[in-house]
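J.: In the order they appear, the protein sequences are chains A and B.
Using our numbering, the letters of the first sequence correspond one by one to residues 1 to 186.
Using our numbering, the letters of the second sequence correspond one by one to residues 187 to 343.
Treat the hints with care, as some may be off.
No farther apart than 20 Å at their CA atoms in a straight line, the calculated lysine to any residue pairs in the SDA-like style are these [what the hints assert, rightly or not]:
no.	chain 1	residue 1	chain 2	residue 2
1	A	112	B	296
2	A	112	B	224
3	A	112	B	249
4	A	114	A	148
5	B	224	B	261
6	B	224	B	260
7	A	114	B	250
8	A	27	B	217
9	B	224	B	281
10	B	286	B	231
11	A	112	B	215
12	A	112	B	250
13	A	114	B	249
14	A	114	B	295
15	A	27	B	296
16	A	112	A	142
Hints are computed from structural coordinates only; laboratory data are not their basis.
On a predicted model such as this, the values are computed, not experimentally measured, just so you know.
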Amino acid sequence: MTISTRRRLLMTLPVAGAGLAGFGCWKMLTAMQDGSFDPHAIRRDKGSAIVPDFALPGLSGAGDGFDAAALSQNARPVLVNFFASWCIPCVAEMAALRGIARQIPLWGIAYKDKPEDARRFITRDGSPYTRVALDQTGMTAIDWGVSGVPESFLILPGGRIAWHGASALDETLFRREILPLANAAP
Amino acid sequence: MKKLAVSACLALGLGVLALPALALDDPSEMLPNPAQEKRAEAIGAQLRCLVCQNESIEDSSASLARDLRHVVRQHVAAGESNQQIMAWMTQRYGEFIRLKPGFTASTLLLWAMPVLALALGGILAALMLRRPRSTEPLDEREEKRLAELLREQDISR
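Isolated chain A (complex conformation) (with noise of 0.2 Å):
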């Protein structure tokens, strides 16, 4: 090798290696515009987890509660949503929660909310929850590891945890990734 093709060759490695690592920014830029990249998602295998145990009271005039028993004792899978009346993102969920709640029964838990004013949230345009619950606390909601609202869970019968989304719901999301877990569960 002589001296000015090995100076090229070491000359094109940085270079080499800032287009790599450019590349690399922009793959996980655009994986997460499109929703195929969360880093928020970094978590356990939800697929072995069981729902944590729970018993929460509900919302006078907009249902009675649930614990971690009536959910795990469901014959068919059931999709649990965690939100509250003062998340933004929650109040844009509500329209695709409807289509979807005529597909798979949705229970929803009000996470830190003022039971009145989740009442009103979730009554004002035709609630979607099949059954709903609040967490005033908040620490049934980290039991379950929310992070924050609006979060979904799907549970299959026997109160495992098939899928876990820190993100608002839509129907192509649901139609993606959430019925293939529902429909294949026994």
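Given chain A, work out where chain B should sit, using these hints.
T.: Below, chain B alone, put in the same frame as chain A:
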């Protein structure tokens, strides 16, 4: 220049002073036992606030961080070990909640990166420095070409 040095010292001093400020909003959050409180703070400093993402739950004043601080203190007061509390957190929030992730197959590259970068830099530097210092003497053909070039230069002057 002196003024600059003084203000730099002042800024540095203020920075050092500001370091231990934790976000405990309310002294009633603290555990009555100082040893337990110190342990809870050390655990909290290792846990990521999932709302702010680059702050520990001890540093953050987000409502979720406050709740997580409360949970940590509950577990400490119940007499659980640091490992048990970390396991409780990662079981719910995944490795992501640990500001200092564990050494596993998936974090191998992350932990090895400083060593890898240093090694790569060392190899590069070695390659650069190994370049021969003295050049070979010119052969007969090159001598002749050089003499020609020098002559051309003389004529043009």
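J.: I'd like to know which numbered hints this structure contradicts. Please list them from smallest to largest.
T.: 1, 2, 8, 9, 14
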